[in-house]
Amino acid sequence: MNLSILKNKTSEEIGKHLDIKDRVTLLERLSTLGLPSKKNEAYRYFDVEKLLEKEYKILDNLPMSPKPSNKIEIKDGIVVAAPQGMRVYSEHCDKIDMDHFDPLYYLGHLLSPQTIKIELDGDVEVEIEHTFTQSDTLIHYRIVLYNQANRHATVYENFVHETIENTLVLYGYDMHIAQDSTLRVVKMQSMQHSGYSMIASHTINVAQNANALLKTFDIGSDQALQLFKITLDTHAHVDAGHLLYLNANAKRGTVSQIVHTGEYASSTQEAKNILDAQSRGIFDALIKVENTAKYTKAAQNSQAILLHDGAYMIAKPQLEIYIDELEASHGATIGQLDKQQLFYLESRGISHVEAKKILVIAFANTLIEQVKDSRQQERIKIAFEKAFYAGYSENSSLS
Amino acid sequence: MSSIMKIENLQAKIGDKEILKGLNLELEPGKVHAIMGPNGAGKSTLSKAIVGHYDVDVTDGNIIYKNQIINDIAPEKRALEGIFLSFQHPVEIPGVNNAYFLRTALNAKRKHEGKEELDAAAFLRLMKEYLTLLDMKSDMISRSLNVGFSGGEKKRNEILQMMLLEPEVIILDEIDSGLDIDALRAVSEGINKMKDGKRSFLVITHYSRILDYIKPDYIHVLKEGKIIKTAGPELVAQLEEHGYDGIEEE
Ligand SMILES: Nc1ncnc2c1ncn2[C@@H]1O[C@H](COP(=O)(O)OP(=O)(O)OP(=O)(O)O)[C@@H](O)[C@H]1O
Ligand SMILES: [Mg+2]
Chain U
1 MNLSILKNKT SEEIGKHLDI KDRVTLLERL STLGLPSKKN EAYRYFDVEK
51 LLEKEYKILD NLPMSPKPSN KIEIKDGIVV AAPQGMRVYS EHCDKIDMDH
101 FDPLYYLGHL LSPQTIKIEL DGDVEVEIEH TFTQSDTLIH YRIVLYNQAN
151 RHATVYENFV HETIENTLVL YGYDMHIAQD STLRVVKMQS MQHSGYSMIA
201 SHTINVAQNA NALLKTFDIG SDQALQLFKI TLDTHAHVDA GHLLYLNANA
251 KRGTVSQIVH TGEYASSTQE AKNILDAQSR GIFDALIKVE NTAKYTKAAQ
301 NSQAILLHDG AYMIAKPQLE IYIDELEASH GATIGQLDKQ QLFYLESRGI
351 SHVEAKKILV IAFANTLIEQ VKDSRQQERI KIAFEKAFYA GYSENSSLS
Chain P
400 MSSIMKIENL QAKIGDKEIL KGLNLELEPG KVHAIMGPNG AGKSTLSKAI
450 VGHYDVDVTD GNIIYKNQII NDIAPEKRAL EGIFLSFQHP VEIPGVNNAY
500 FLRTALNAKR KHEGKEELDA AAFLRLMKEY LTLLDMKSDM ISRSLNVGFS
550 GGEKKRNEIL QMMLLEPEVI ILDEIDSGLD IDALRAVSEG INKMKDGKRS
600 FLVITHYSRI LDYIKPDYIH VLKEGKIIKT AGPELVAQLE EHGYDGIEEE
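Quick note, the sequences are listed as chains U and P, same order. Take the first sequence: its letters are residues 1 to 399, numbered as in the working numbering. Take the second sequence: its letters are residues 400 to 649, numbered as in the working numbering.
Hints may be right or wrong, so weigh each one.
[Claimed, not checked] Cut-off 25 Å, straight-line C-alpha distance, at most; resulting in silico cross-link-like pairs (DMTMM-like, lysine to aspartate or glutamate): (1) P:LYS476 - U:ASP338; (2) U:LYS372 - P:ASP538; (3) U:LYS339 - P:ASP471; (4) U:LYS339 - P:ASP456; (5) U:LYS339 - P:ASP454; (6) U:LYS357 - P:ASP471; (7) U:LYS339 - P:GLU515; (8) U:LYS339 - P:ASP415; (9) U:LYS386 - P:ASP415; (10) P:LYS476 - U:GLU354; (11) U:LYS339 - P:GLU480; (12) U:LYS357 - P:ASP415; (13) U:LYS381 - P:ASP454; (14) U:LYS357 - P:GLU588.
[Unchecked claim] Covered, in the sense of this in silico footprint (three residues per stretch, anywhere, with C-beta under 8 Å from a C-beta of chain P), are these stretches of chain U: (15) 344 to 354; (16) 382 to 389.
These are computed hints drawn from the structure, not numbers from a lab. Backbone N, C-alpha and C fix where the C-beta goes; we use that ideal spot for every residue, glycine too.
Start from the sequences, fold in the hints, and give me the full structure.
Spelled out as structure tokens, the structure:
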């Protein structure tokens, strides 16, 4: 299958190509937004066309009964293992966000009518591990995730892959964070010439008085974009943090919309970006405050450190407000490592590379330390160091 | 007596400005050399040139350490070979734990010398000893490197690094500025402890007080980018009384 044939097509034509007769509203949304290209706001800085133009195999997404495991294991879009007693099953998605900005959110839903539904029971902590094993394949799946009211659940998301090439992964969450609950999501994706690209398109609804903590750690090379739409109800809160550490020719980052719809909701979003070699980092983030969202508090900030002349950061924090009773701040900085600090470390016999590493980790640490689980934290640190040294063996920034 | 470090006709610029204008200086092993001189004379520039600071552009002359010209040697190599500068203004590095930094520096040095790296426990034992000696609060090493340290605490932390790294040429750039009387005594004791008859010290200062504690063998006057006078410790009193105006190049 070649997705680019869906370009500039009517909803009927798209339906015909995908062999879908019902789901007219979804087809219409996709047709209206159009298959992403450079002209599409959300994909302007990401070479999406090249990814969509390739010829991909499609797998038959036949659900199977998962083996018992200590984590949820999703292999090429199919749940192959799950903790015993955890409610993970295949289901038609009935609640689709009809107001998402991302056309691929709709394409994802159209391609994957059967979604993986996960219901988090109580104060659980669960790891979701995504594995990719197929080359030249469009791996597509959607996950619907619910937690329970008044509960505090945590999800750790990790990604592994076998030796593959030319695969595109199109997946994403529909998350429904229940009233008075807390859901903490920690995503760690380390890709180093992984053989796959990824577009992850999520929608996250945060109900009244609920708390969403969303920490993403994107490390290494390759091409991957995460797109979020987060909707906040009354007194809801989101705390989003994004760490990007890129090397080689990576093109990765975040495109997000945080939409304040209820009163007294608050959002903080912090991006820390470290870019080496010829990498490109993306932080294109809109906070939208609707006219119903009085007394909103929103803070957004992006900091980038460029380690190499060839690296490039696109930082676009934006605020769109339809009300004036709010507190909002946003800003973005781009700089280099502090020469004085580097020299101080070197003057004590620490090598230039180690000194750089120490400063880069110090910069990233405020985000890494927010991961409470020490095993997960260690995992992030290891991936981070690995990517740091990988960057050095491959490019010329060793100067 | 052969010198451990010899600086010959050193000329150096910062930006477009010539600061050192043919400076000569020899450091003898086991001796304490004090450098005094007016503000802006080039004392810190000299110390930075010796450790290879990026600000300083050496345009002529040589810095010779243990019979080797080190003008083009990387700063970390100079440090590993035993040159240490206690900075006039140590930088703050948020997010870098002081103990982690100290241990990394120590282990880099040990590795360079072919010794085994020190584990966290052995390191902490060593630290305890030095902290007591320097009268430092134990939380100083669990905090971020120099962040929010008072002037005196920063200077003590410099001395702590000196003691840990056991360098052979020790340059102290105004180690005494901003120290209260007790701190000055503690820091001086740390320095005196390091005297072993081989190490050589270059103490940059404006005041005689520290020199009462760490008895200098030589006083050098640095003015307008040159050492214009070298004498014994008796010169200090004269300088205190008459300042630098009366000193003429010898
Ligand atoms: N980074 C810099 N950029 C421009 N000029 C500099 C820089 N650093 C030092 N200078 C200049 O070089 C000259 C010598 O400075 P230096 O710091 O070596 O003096 P010093 O003898 O240590 O003085 P003090 O006793 O005040 O510490 C001064 O005129 C100073 O302004
Ligand atoms: Mg000075």
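inquiry  = What's the verdict on LYS339 of chain U and GLU480 of chain P, does the C-alpha distance respect the 25 Å limit or exceed it?
reply    = Satisfied, since the Cα-Cα distance of roughly 22 Å is no more than 25 Å.
query = Within a Cα-Cα threshold of 25 Å, do LYS476 of chain P and GLU354 of chain U meet the stated pairing?
reply = Within the cut-off at roughly 13 Å; holds.
ask   = Do three or more residues from the region 344 to 354 of chain U put their C-beta atoms closer than 8 Å to C-beta atoms of chain P?
value = The restraint on the region 344 to 354 of chain U holds, since 10 of its residues have a Cβ under 8 Å from chain P and three suffice.
query = For the pair supplied as a hint, LYS381 of chain U and ASP454 of chain P, is the alpha-carbon distance within the 25 Å limit?
reply = Between LYS381 of chain U and ASP454 of chain P the Cα gap is close to 33 Å, so the pair fails against 25 Å, i.e. violated.
query = Holds or violated: LYS339 of chain U with GLU515 of chain P, Cα cutoff 25 Å?
reply = violated, 30 Å
ask   = Within 25 Å, alpha carbon to alpha carbon, are LYS372 of chain U and ASP538 of chain P?
value = Holds - the C-alpha atoms of ASP538 of chain P and LYS372 of chain U are around 23 Å apart, at most 25 Å.
message = Check the hint pairing LYS476 of chain P with ASP338 of chain U against an upper bound of 25 Å on the C-alpha distance.
response = holds, 20 Å
ask   = Regarding the pair LYS357 of chain U and ASP415 of chain P, is the alpha-carbon distance no greater than 25 Å?
value = Between LYS357 of chain U and ASP415 of chain P the Cα gap is close to 32 Å, so the pair fails against 25 Å, i.e. violated.
ask   = Are LYS339 of chain U and ASP454 of chain P close enough, with their CA atoms no more than 25 Å apart?
value = holds, 10 Å
key: Agreement of LYS357 of chain U and ASP471 of chain P with the hint, judged by alpha carbon distance not exceeding 25 Å   = Holds - the C-alpha atoms of ASP471 of chain P and LYS357 of chain U are around 24 Å apart, at most 25 Å.
task = Assess, step by step, whether the Cα of LYS386 of chain U is no farther than 25 Å from the Cα of ASP415 of chain P, and give holds or violated.
result = Distance ~41 Å between LYS386 of chain U and ASP415 of chain P Cα, so the pair is violated.
query = Is the hinted pair LYS339 of chain U and ASP471 of chain P satisfied, with a Cα-Cα distance of at most 25 Å?
reply = holds, 18 Å
Comparing the model with each numbered hint stated earlier shows that hints 7, 9, 12, 13, 14, 16 do not hold.
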